[in-house]
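Colleague: Chain A is fixed; fit chains B, C and D onto it per the hints.
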Amino acid sequence: MQAIDYVAPNSVDEAVSALAAGGASARPLGGGTDLIAQLQEGRSDLDTIVDVKRIPELTAISIGGDGLTLGAAASCHSINNNQAIRDGYPALIDSTHLIGGTQIQGRASLGGNLCNSSPAADSIPNLIAHSVICHIAGPNGRRTVAVEDFCTAPGRNVLGNGEFLVALEFPVPPANFGAAYLRFIPRNEMDIAVVGAGSSVVLSDDGQTIESARVSLGAVAPTPLFVQEAGDALAGQPVSEETLARAAELAKDAARPISDMRGTIPQRKHLSAVLTQRTLRIAIDRARGTKTVDELGRLNGHG
Amino acid sequence: MAQVWIPPLMRSLTGGQQIVEAEGATVREVVAALDEFYPGIADRIVEEGRIRPGWTVAVDGAVQNRGLRAAVGPESEVHFVPSMAGGQASTL
Amino acid sequence: MANTNPNGSGGRAANGQNGYKVIGTRPVRPDGVDKVTGRAVYAADVQMTGLLHGFVLRSPHAHAYIRSIDTSKAEALPGVRAIVTAADLPAAEDKIEDLGEGAINLKHLSDNVLADEKALYHGHAVAGVAAVNPHIAREAAELIEVEYELLPPVMTVDDALADDAPILLDGLRTDSMGEVGAEPTNLASFFRHQRGDLDAGFAAAEQVVDRTYRTETVHQGYIEPHAATALHSADGQITIWTSTQGSFAVRGQVCEILQIPVSRLKVVPTEIGGGFGGKINVYVEPVAVLLSQKAGHEPVKIVMSRADVLAATGPTSGSNIRVKMGADAGGKITAALAELYYEAGAYPGSPVGAAANVSLAPYALENMQVDGYDIVVNRPRSAAYRAPGGTNVAFAVESVVDELAEKMGMDPAEFRILNGAKENDRRPDGLQYARIGHIETVESIRDSEHYQSPLEGKYRGRGIASGYWNNWGGQSSATAVLNPDGTVNLNEASTDIGGTRASIAMQLAEAMDIEYEQVKARVVDTDTVSYNDVTGGSRTTYSTGLAAYNLGQQLKEEMKRRLADHWDVPAENISYEDGVFEAGSESMPFAEAAGVVQRDEPLMASSTVHPQDFGPGFSTQLVDVEIDPETGKITILRYTIAQDVGKAIHPSYVEGQMQGGVAQGIGWAINEEYIYDDEGHLLNASLLDYRMPTALDLPMIETIMVEVPHPAHPYGVRGVGEVNIVPPAGAVANAVYAATGVRMEKLPISPANLLEAMWAKEAEAAAEPVPGDD
Amino acid sequence: MAKKIAVETTINGEETIFLCEPRQTLLEALRDNLGLIGSKEGCGNGNCGACNVLLDGVLVNSCLVLSPEIEGRDVVTIEGIAVDGELHPLQQKFLEHASLQCGICTPGFIVSAKALLDENPDPSEHDARLWLAGNLCRCTGYDKIVRAVLDVAEGDA
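So the sequences go chain by chain: A, B, C and D. Residue numbering for the first sequence follows this note's numbering, starting at 1 and increasing by one per position. Residue numbering for the second sequence follows this note's numbering, starting at 1001 and increasing by one per position. Residue numbering for the third sequence follows this note's numbering, starting at 2001 and increasing by one per position. Residue numbering for the fourth sequence follows this note's numbering, starting at 3001 and increasing by one per position.
Calculated from the structure, these hints are not laboratory results. Among the clues, some could well be false.
Unchecked claim - Here chain C is said to cover these stretches of chain D; the calculated rule only asks that three of the stretch's residues, wherever they fall, bring their Cβ under 8 Å from a Cβ of chain C:
#1 3038-3051
#2 3058-3071
#3 3074-3087
#4 3118-3131
#5 3134-3146
Glycine included, every Cβ here is placed at the ideal spot set by N, Cα and C.
The following block holds chain A by itself, in its conformation from the complex:
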C-alpha cells in the first residue's frame, strides 16, 4: 500500500475542508471494506484518507414519524441490530444481511456501498425501491439527490470535488408498502451479485391491487438500473402471477448486461426476470404483512 495521511475530523465542516484540501487524491473512509481492499491491492492511488466515522451525524440512525435517516457510515451490523428498522424496513435488512460476511457487516455501510458505485452493489437496487434521498455535503453546502440518479458509471457517481455523502433518507413508507431485495450468487454467502433485484409495491387496502411499484436491478448495466417501465406496468394491476411475470419480462428487457467471469449475458437476462418476480412476490407478502424479516435468510437461498 502506498503511504497515506490519515485524518479523522469530528464535524461535517472539518471533513469538507480536509477533502477539499486533499483534492482528487483524498477520499472519505467509511467502513473501509471496499476502500482499504482497493488500497491494499494497489487499485487506488490516494494520498489522504478522511475517516468520517468520528462525525456523529455519519453514524447516526434516526427512525420515527418522519421516516428513517441513516448516517452514511452507519454499519450494516448496527442496522441489523436495530429492531425498529427490522420492524419498519424489513427489506433493508435483506441487503445489510448479505453484504459480505458477518465481519464485513461489522464495518461496511450503505453509504459506502453506494459511494463505491459498483453496478453489482447489494444495497442500491434496494435503496431505489425505497425511493431513498441522498444527502450530500461539500464546499458549496448541502444538496440532495435521488438515489437512482446517484451512480453515473462503474465506480463513478455524482459526488464532486470535496463532496461526500452524509446520510440516506428513507421516506415514510405508505400504507400497504412492501419491498424486498434478492441477489443471485453461486455460493450462499461471500460473493458478488451475478444479478440483484430490489422491488417495492404499494397495495390497495384489500391487498388485491398493486397501486404502485418500483423495480430495480443490479449487475445488469453500468449502474444499478431503475426499471421504471416495470413499475409502471404493475401500477393499477391486480396481484397475479401473470402481472408479475409481465413486469419480470420488462425487467429482463431493460437489463443490458455484459458477460464476465461472474455471469453471462443470457444468464443475467434470465435471472433479471426470475429475481424480479421473486422479489415482487415477497414485497407483496410483506405489504400484506405475511412475511417477516426473519425469513430473509431462507429467502436469500440461505435455507
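Modeller: Same frame as chain A, but now just chains B, C and D:
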C-alpha cells in the same frame, strides 16, 4: 521363469506380446535376459544404470525400492510402471 | 466396523477393539492449545532481528520473452536492500532428478522460481526485492522495468495440441515411455496401460456409453499463503524457516537450484496452514536465500499474497477426458477405455500418471486401456492436489458407470458391487490387489440409513460414486528419547498438518504399552533426523507411524535387556504387560524402569523405514442435492462418505480427513475453477471469486469408517488423507442427473453451466418430435 | 519512509500506545508492531476471516481496518479470548471435537464464534453456518467446527 508384463508402448519390441517369460534372480538379470530376446528393451527401461526416472518396477504387486537390485522369484510377476511418489505420479 | 460418532474421549481408554489401549481413542493433539490460543508459529509469524521483507515481481503476461530487466530505479528507492533475477541463479542442468515428490527437471524447477528467458504464465516470478518493510519492497518491485515480447498464449489441451500451436519449451520432445520424439511439442509425454482385447470386449457389450468430459483448473486453497524466511549467514550456512509439507523436499530442491551441498542448508519447518499437495514445490525459498545473501546476510522473509498464491502456485490440472465402457446383458463390464489429457501448466508433470491409476481402479476388468497425455500450457506449473488427478477422472468414469447402470436397469450400488475390484483383481497398471476394502465401502453405503431412506421432491436427486487412491509408503526417520521419568520424546520430521503428531505418538504409546500423554511428539528440522519424505500420499500415519512402532519395540527390548542385567536374570525371562516389567518375583512399572535402566547409560532409539507394501484406499460416497430450476444452483442436502481406513488410529482425525476431502471435492464439483481471459490473464485470483465452499454451502458430512486392516502394517494402517476427494464430483454429477435429467459433461457444475445445460436439454426436447401414436 | 504516528488504544484489556504508519492495517500492526501473531492473514481483502478481531465488541476483519482507526477504541484478538490462563469454552470444545486440522483458520473461527455467542447464545445450526460463512476453512469441511460451536451454545444454556 518370471512373468514380465511388457508396457504397451514397448510391445512393438516383443512382437505385440503382453506377457513374456524371462529368467533372472534380480530385476537387473531379468532385464538383461529380456534384452537378449528383444534387443533394445533394456535401453527403454534403464538409464544411467538405474530404472528410468519417473518409472519404477513392481514385483509381485509391490513397488520395489531397490529397483534393478530387487529380487525376483521363479514364479514372480514383474511390471514396469510409472512411479507414484507422494501421490503425484511422475510423468517422465 | 462403522463409527459415525464424532464425540471422542481423550487419553487411554480401552476401546475394546482388537485389544488396543491407545489406538482408536481420541486424545487432544500436542499442538492443540497453541493453535486455539494463537500462539502456534506459522511461517509468516517468524520474527528475528534485522528482518528484511521480500516481494516477488511477477509477469503480467501469460507467454512472453523477457528481453530485459532494468532494476536501477528500484535499487535507488530508499529502504531497498537487494534485488535478484534469474541472472542470480546458477545455470541449471536440463536433467531429471527425483526430488520431493517424484521426478523433476532441474531446469524447469529453477525457471519456475525465477523466469529465465521466458515468462510462461501470468504470475510467473521475474524478480525478487528485499527492503526494510513489505510496503517498500512492493513499491520497489513496481519500479523494476521489464521489457516483454509477447507470444500467443496456449491455454488448453486443444490449444496446445493444435498443429500450429506455439511451443512453450524449446527443448521439449514427447517421451513415450523411453521413446523420444523428434519434433518440438507441447506434449511432454504419452503412456498407455492396456490389457486384454478391447475390441472383443466392446463387441460383447450390450450397452456402450462413450462420453467426453472437461474439468477446469482448481487450486488446493490452503488458507495459509506460502511464506518463508531465509538467513544466509556470513559463514555460508543457510537456514530456511518455511511452511512446507516436506522440509527435506525443500532442502533437496533449494540445494539443487542454488547448487549448494545439503550440509550448508538447514530447513526448519514451521507450523503449516494447510498444503494438500501444494506445499511441496519451492517458490519463494530460493529467492529469499539469494536476497539474504545479497542484502549483507540479513534474514529475509517473503510472504505471498493470496493473489500470488492463486496465480503462481499449486493449481492442479484442468483436463479433457474420454471414457468408453460397455456392459453385457448380465451387467458385467466387458471393456473400458479411458483417454486422459491433462494440462501440466508451464512445465511437464501433471498428475496424469496417478490419474491413470485411479481411472478404472474400482472395477475388475479383463479388457481395458488407459492412455495418458501430459501437456504443457501457459498456466502455473501444476502441483499435487490431494489424490492428484483422481477427482477429474473419477468424475468422468463414475458418470459413465452411473449411465451404464441406468441403461442396464440396475441399482448403481449393486452395479458397483457386481463389477467391483477385489483381492487379486488387477489395477489399471496391471498390478494385483492385495486385500482391499472397496466392496465393503459400497455395501456400507448401500446399507446406510441414508441410502435406504426415500428422497422425495421435485428437482431433488441422489448420486453415488466410488474412488480409489493408491496411497504411498515413502521414507521416514524418527528418534525416540526415553526420559528417566517414563516419558518419551518422539522426534519426527513429518510435517503435521492434520494431527499426525498425535496419530504417530499414539502408535509409539501403543507399541510401548504406555499412556498417550507420556509421549511428547514434535516435528524437527533437517539437521536433527535423517531423510524424511513429504507429508503427502497419505503416507505419514502409515510410514512414520511404522517408524514410531519400531521405536517402541526397540526401546522396550532394550529396557528388557537392561532390566535383565539389573535383576540378573536371563533376558527371555522378562515379561512386559500392562505397563509393568516382570521376571519371577521382580516387577517394576514402566516409569520406574525408565529411570533404572538409564542409571549407567542413556537410552534412545532411532528408526528409518521405507515400506513398499502400502495398502490402497477406496471410498464410496452418497449425496442428495436439490436444484433451483430457475437459477441452476445446487444445494447439497445430505452427504455420506464411506471409506476403507484400514485402522483408524485417531478416529476424529480420520473423520476430519474424510469430511475435509469431501468438502474440497464438493467445491471442485460445483464452483471452483480458474477463469482466464483470452490473453491468458487469471481473472479470479481472490478468495472472493475463487469460490471455495463456506460453512453455509455444506451440510454435516456423515462418515462411515470401514476398517479393513492393511495386512502389511502392525496396526493395519492405510493412508486416509486422499481417497475421500476422488468421488465427490462424480457423486454430485450423478445426483444432478437424478434431479434434472441432465448429464453434466464439464466441471464445475456451476449455476451458469448447469443452467446452460438444462436449457440445451429443453431445446433438444422441444426439437424432438413428440412420440406419437402413428 | 513514511512518517509514523502514535495510536493509543486498548488491546485485550490493556491500554497500549504504539507507533505505526497510517497505511498499516490493524492486522499488520497487531502482528508486526505488537507481536500479536495469533491473527492470521489468509487473503488480505476480507474474504477468509482468519484475521478477525472484535472492535468495540463488533466482529471485523483486521485486514480491512487502518491502524489509526483504533485510536481510543477497544480491540480483542485471539490472544484475549482465554481469560486468566483458562481456555475459553470455545477453545476447549475446538480441542475436544478435533475442530482444527492445520489450525491457521482457528483463531479467526474462535473470535467469530465468540461474537456469535455474545449476540446469540443459542444459535441453530443454520444461524451458526450463516454467521461463520465469512470464515473459510479448507481442512475440516466445517462439520466439527459447527459441532463445537453448537456444543458450547448448549453448554451455556
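Colleague: Hint by hint, say whether it matches the structure.
Modeller: Status of each hint after checking the structure:
{"no.": "1", "hint": "3038-3051", "result": "holds (count 11)"}
{"no.": "2", "hint": "3058-3071", "result": "violated (count 0)"}
{"no.": "3", "hint": "3074-3087", "result": "holds (count 6)"}
{"no.": "4", "hint": "3118-3131", "result": "holds (count 4)"}
{"no.": "5", "hint": "3134-3146", "result": "holds (count 13)"}
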